[in-house]
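Participant: Letter by letter, the chains look like this.
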Amino acid sequence: MADLTVKFAGVTSPNPFWLASGPPTNTGGQVMRAFDAGWGGAVWKTIGEPIVNTSSRYGAIDLNGVKMMGLNNIELISDRSPETNFREIYEVKKRYPKNLVIASLMVESKRESWHAMVRRAEDAGSDLLELNFGCPHGMSERGMGAAVGQVPEYTEMITTWVKEVARIPVIVKLTPNVISVTHIAAAAERGGADAVSLINTINSLMGVDLATFAPRPVVGGKSSHGGYCGPAVKPIALHLLSTVAKNSRIPISGIGGIGYWNDAAEHIALGATTVQVCTAAMHYGFRIVEDMIDGLSQYMDDRGFRTIENFRGRAVPNVKDWGDLDLNYKVIAKINAELCIGCQLCYVACEDGAHQCIESYKESAKKNAGGFGVHVPRIIEDDCVGCNLCALVCPVENCITMKEVDSGDAPMSWNDRVRQSSATLTLPFPSGD
Amino acid sequence: MPLRETAPKLSPDQYEKNFAEISPAMDSRQAAIEAARCLYCFDAPCIAACPTHIDVPAFIKKISTGNLRGSAREILTANILGHSCGRVCPTEALCEGACVMHEKGESPIEIGRLQRYAVDYVLDNKIELFSAGAPNGKRVACIGSGPASLACAAELAKWGYDVTVFDRNELPGGLNSYGIAAYKLRTADSIREVDLVRQLGVKFRQKMVVGADISFADLEKQFDAVFVGVGLGETWALNLPGEDLHGVYGAIEFIEETKVRPFNEVEIGRRVACIGAGNTAIDVVTAARRLGVEIVYLVYRRGEPEMPAFAYEYQLAKQDAVSFLWQTQPIRVLGQNGVVTGLECVRTQLGSPDAKGRRSPAPVPGTEFKLVVDMVVRAVGQKPATDFLKAIKGLEVNPDGTVKINDLHQTGNAKYFAGGDCTNGGKEVVDAVAEGMAAARGLDAWLGAPRGFS
Ligand SMILES: Cc1cc2nc3c(=O)[nH]c(=O)nc-3n(C[C@H](O)[C@H](O)[C@H](O)COP(=O)(O)OP(=O)(O)OC[C@H]3O[C@@H](n4cnc5c(N)ncnc54)[C@H](O)[C@@H]3O)c2cc1C
Ligand SMILES: Cc1cc2nc3c(=O)[nH]c(=O)nc-3n(C[C@H](O)[C@H](O)[C@H](O)COP(=O)(O)O)c2cc1C
Ligand code: SF4
Numbered sequence: 001m002a003d004l005t006v007k008f009a010g011v012t013s014p015n016p017f018w019l020a021s022g023p024p025t026n027t028g029g030q031v032m033r034a035f036d037a038g039w040g041g042a043v044w045k046t047i048g049e050p051i052v053n054t055s056s057r058y059g060a061i062d063l064n065g066v067k068m069m070g071l072n073n074i075e076l077i078s079d080r081s082p083e084t085n086f087r088e089i090y091e092v093k094k095r096y097p098k099n100l101v102i103a104s105l106m107v108e109s110k111r112e113s114w115h116a117m118v119r120r121a122e123d124a125g126s127d128l129l130e131l132n133f134g135c136p137h138g139m140s141e142r143g144m145g146a147a148v149g150q151v152p153e154y155t156e157m158i159t160t161w162v163k164e165v166a167r168i169p170v171i172v173k174l175t176p177n178v179i180s181v182t183h184i185a186a187a188a189e190r191g192g193a194d195a196v197s198l199i200n201t202i203n204s205l206m207g208v209d210l211a212t213f214a215p216r217p218v219v220g221g222k223s224s225h226g227g228y229c230g231p232a233v234k235p236i237a238l239h240l241l242s243t244v245a246k247n248s249r250i251p252i253s254g255i256g257g258i259g260y261w262n263d264a265a266e267h268i269a270l271g272a273t274t275v276q277v278c279t280a281a282m283h284y285g286f287r288i289v290e291d292m293i294d295g296l297s298q299y300m301d302d303r304g305f306r307t308i309e310n311f312r313g314r315a316v317p318n319v320k321d322w323g324d325l326d327l328n329y330k331v332i333a334k335i336n337a338e339l340c341i342g343c344q345l346c347y348v349a350c351e352d353g354a355h356q357c358i359e360s361y362k363e364s365a366k367k368n369a370g371g372f373g374v375h376v377p378r379i380i381e382d383d384c385v386g387c388n389l390c391a392l393v394c395p396v397e398n399c400i401t402m403k404e405v406d407s408g409d410a411p412m413s414w415n416d417r418v419r420q421s422s423a424t425l426t427l428p429f430p431s432g433d
Numbered sequence: 001m002p003l004r005e006t007a008p009k010l011s012p013d014q015y016e017k018n019f020a021e022i023s024p025a026m027d028s029r030q031a032a033i034e035a036a037r038c039l040y041c042f043d044a045p046c047i048a049a050c051p052t053h054i055d056v057p058a059f060i061k062k063i064s065t066g067n068l069r070g071s072a073r074e075i076l077t078a079n080i081l082g083h084s085c086g087r088v089c090p091t092e093a094l095c096e097g098a099c100v101m102h103e104k105g106e107s108p109i110e111i112g113r114l115q116r117y118a119v120d121y122v123l124d125n126k127i128e129l130f131s132a133g134a135p136n137g138k139r140v141a142c143i144g145s146g147p148a149s150l151a152c153a154a155e156l157a158k159w160g161y162d163v164t165v166f167d168r169n170e171l172p173g174g175l176n177s178y179g180i181a182a183y184k185l186r187t188a189d190s191i192r193e194v195d196l197v198r199q200l201g202v203k204f205r206q207k208m209v210v211g212a213d214i215s216f217a218d219l220e221k222q223f224d225a226v227f228v229g230v231g232l233g234e235t236w237a238l239n240l241p242g243e244d245l246h247g248v249y250g251a252i253e254f255i256e257e258t259k260v261r262p263f264n265e266v267e268i269g270r271r272v273a274c275i276g277a278g279n280t281a282i283d284v285v286t287a288a289r290r291l292g293v294e295i296v297y298l299v300y301r302r303g304e305p306e307m308p309a310f311a312y313e314y315q316l317a318k319q320d321a322v323s324f325l326w327q328t329q330p331i332r333v334l335g336q337n338g339v340v341t342g343l344e345c346v347r348t349q350l351g352s353p354d355a356k357g358r359r360s361p362a363p364v365p366g367t368e369f370k371l372v373v374d375m376v377v378r379a380v381g382q383k384p385a386t387d388f389l390k391a392i393k394g395l396e397v398n399p400d401g402t403v404k405i406n407d408l409h410q411t412g413n414a415k416y417f418a419g420g421d422c423t424n425g426g427k428e429v430v431d432a433v434a435e436g437m438a439a440a441r442g443l444d445a446w447l448g449a450p451r452g453f454s
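The listed protein sequences correspond, in order, to chains A and B. For the first sequence, my numbering assigns the number 1 to the initial residue and increments by one for each residue that follows. For the second sequence, my numbering assigns the number 1 to the initial residue and increments by one for each residue that follows.
Okay, chain A solo, but in the shape it has when bound:
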């Protein structure tokens, strides 16, 4: 059996699955139920001077009947007093000494205020601290959250203040609403952060009610930009995670769009040691962790990984600058005519949306059980550029596959080409974050 325990910034977590700071970690009662369900740790709903929330406050986009592909919120930090939150943290830690409680903090940008809050969090028995420099709405207008996290100097300064008094490890939670997350991560490291977590939510406006022209989520006919999260944001989270992982050795807690064990495994493969989940727990409840634990263990057993460290970061070296990719590598699409159902979505996608390399069916050699022709299209292999689009739109699993073909040429990247040609103007490639 795979061993799921991880060591994160010096602290041991029974497994890599933490609840992210948010509604699921509002109260001690919730956190204790979450630990009973199997969560290894919980990042408490951000604690600070109590705020007042709006009603309503969440919005979602559904896709083709699938609910909550993306979720957005205009909620602020905890609306309960620090006393209450710290008392409950104390209670939880007393009963669940092995599970990690991470106190998420957000305080006005004053050194003494931060010092005071850090001490209280430690006295309550928190295992780690997470500094919320990410909240993109509401708090930033008050000089907190993203207002700190978007400026490297502020990030470094406040991290330094916290480290002046903190005896437990400090995580800095990064906002994705920046031009370069690696700069902010580096600033946190300079300030002495023991770890970073990312991503917090992404700035977004959820939509507009076309009857009333009120944006969503509606608050008395009005709305405000809010933070976007859920399945839709995973690719953005993975990208930002990979850039931090490439540029630094600091421990990372990966967040964003994790709903299943394989999402978590991808975060880990791109360098995360622990992962945090908010939306999926809001959607389905705490029990989703059961399959996360089970599925990840199965995967690790199947692949012969005994510990998380065995595969953590394994995908990081494979994330390259575009200029280093082999331009002579070639794949082309193959349609398995037996599996093809004749929807011709690949045909129209390639014809209208890509490179005109698929031929519509000529006549149907294949018939369905009722005697109706099945319209199997054909790949024009000589023209296929191997873009993947047809395979992506195909509704049948494994019907269209991308097959490697030998281009007959030795590997050659753009950067190789630039290096080889004497009279080229070298364009600096962005390092892609």
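Fair warning: there could be bad hints in the mix.
Now the in silico label distances, taken between C-beta atoms and shown as ranges [unchecked claim]:
1. A/Asp382 - B/Ala48: 28 to 34 Å
2. B/Arg186 - A/His355: 24 to 30 Å
3. A/Ile179 - B/His53: 50 to 56 Å
The set of hints was computed from the structure by calculation and includes no laboratory data. For every residue, glycine included, the Cβ atom is placed at its ideal position computed from N, Cα and C.
Following the hints, position chain B with the ligands against chain A.
Facilitator: Then chain B with the ligands, alone, in the frame of chain A:
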């Protein structure tokens, strides 16, 4: 004269339950889920499989975006009887049979029910999607108000023709109002749909027998062209001894009773034998069971594999616990005092396949037996309306009694166009619609009138 024994009367609730729609309307949630399943195929096979070539993926997409008006417009532009077609089309042999979902190992998209869902929206909300074209000065008469004529009339009216429909029945709609099984389509819904055609300014003259109440000469004088959509005639006779006894019905006549009368007033025996195994025979036996008949026999000369009814229809009859007597041929209707008391039959043996691949049955001597029944229904197909057709000068008929037409759907008499059951020999509502529309295009091309779109 009463039948020997009649089926017990049921409570009004029980009749309604028995004749409840077998394919009920979808609610908005069901429709949204089903519409989302549609893959939006390119050059979708369902479009080709529909005789009226409704752009199925387009109308389904519009349902999923909440554009129900646009969805209904998409449907009704291609097929003005989209409502009844959605209910009565044998979709498993048409659009849904061609759905790619079969190959995917999933159930096909419920195209018929989605189609009805979209059209119901405009019918329920009385939304008028189409209007009559600016008058082009041409007058057309349609004989019959069945699906073929309705489709032809609607199309012509949109182009500015002044159209009058003549029908001998009290209600318009043809077999939609008088023939389709009540659990698929009620007469009231058929009439509701006819109103879509009426909205276009088409005039309906019911209880007018063309050839009797109005002469062909008058028709030709008053109208620039005539569309013949008279369907088929009455049910073929079997020429059995005893066929004239009280209690022997033709299928069409019996089904018409179930459509136009309250269920408790339909004359129905305690035990019923139906002769034939086509779709109409299925309608007879399922209606009989729903009316409370104790035992219903379906008597067919050939075997189960030769049965012409659609698999789906056969399934309905099986669910209704009908007793199938395969390879059984009726030889005489038995009676007493002029009333049916039984049906004498003989077993058959099937010979080798003929030119058409059908195996002809031969009676096996000595296997005669008697069924005790109070009613016998003949469901062996409808005769062509030969007498009526003969009365139209120059109109020619094929050997099978169908009207001969050219590419424009024009008959031997240039002024007369035709379509529907009378030209195809009896198919489905959707075929009649397609042919009625094709005839409208032919007629329009022949008259060469400028199209008066409004
Ligand atoms: C019992 C039964 C069940 C069926 N079930 C289905 C089904 O489930 N699904 C399906 O798709 N199809 C079904 N059909 C077939 C479908 O009803 C027909 O294909 C379709 O109605 C043909 O349309 P039509 O306009 O050609 O003829 P009809 O619907 O027969 O209309 C012809 C009209 O012409 C009128 N008429 C005839 N002569 C004259 C005259 N001299 N003067 C004035 N009026 C005249 C008649 O009164 C009638 O109203 C069924 C048919 C039958 C008989
Ligand atoms: C309703 C809501 C409230 C949140 N509140 C906080 C918060 O108080 N502090 C914080 O650091 N992050 C907060 N987040 C952000 C989440 O912790 C997490 O970073 C983000 O939702 C991405 O993860 P996910 O895709 O699993 O939801 C909140 C998210 C949601 C949806
Ligand atoms: S008219 Fe009939 S065959 Fe055509 S799409 Fe509609 S339900 Fe299918």
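Participant: Next, verify each hint and record whether it holds.
Facilitator: Verification of the supplied hints:
1. Checked against the hint of 28 to 34 Å, the pair A/Asp382 and B/Ala48 passes, with Cβ atoms roughly 30 Å apart.
2. Checked against the hint of 24 to 30 Å, the pair B/Arg186 and A/His355 fails, with Cβ atoms roughly 53 Å apart.
3. For A/Ile179 and B/His53, the hinted distance range of 50 to 56 Å is satisfied, since their beta carbons lie about 53 Å from each other.
Of the numbered hints given earlier, the model fails hint 2 alone.
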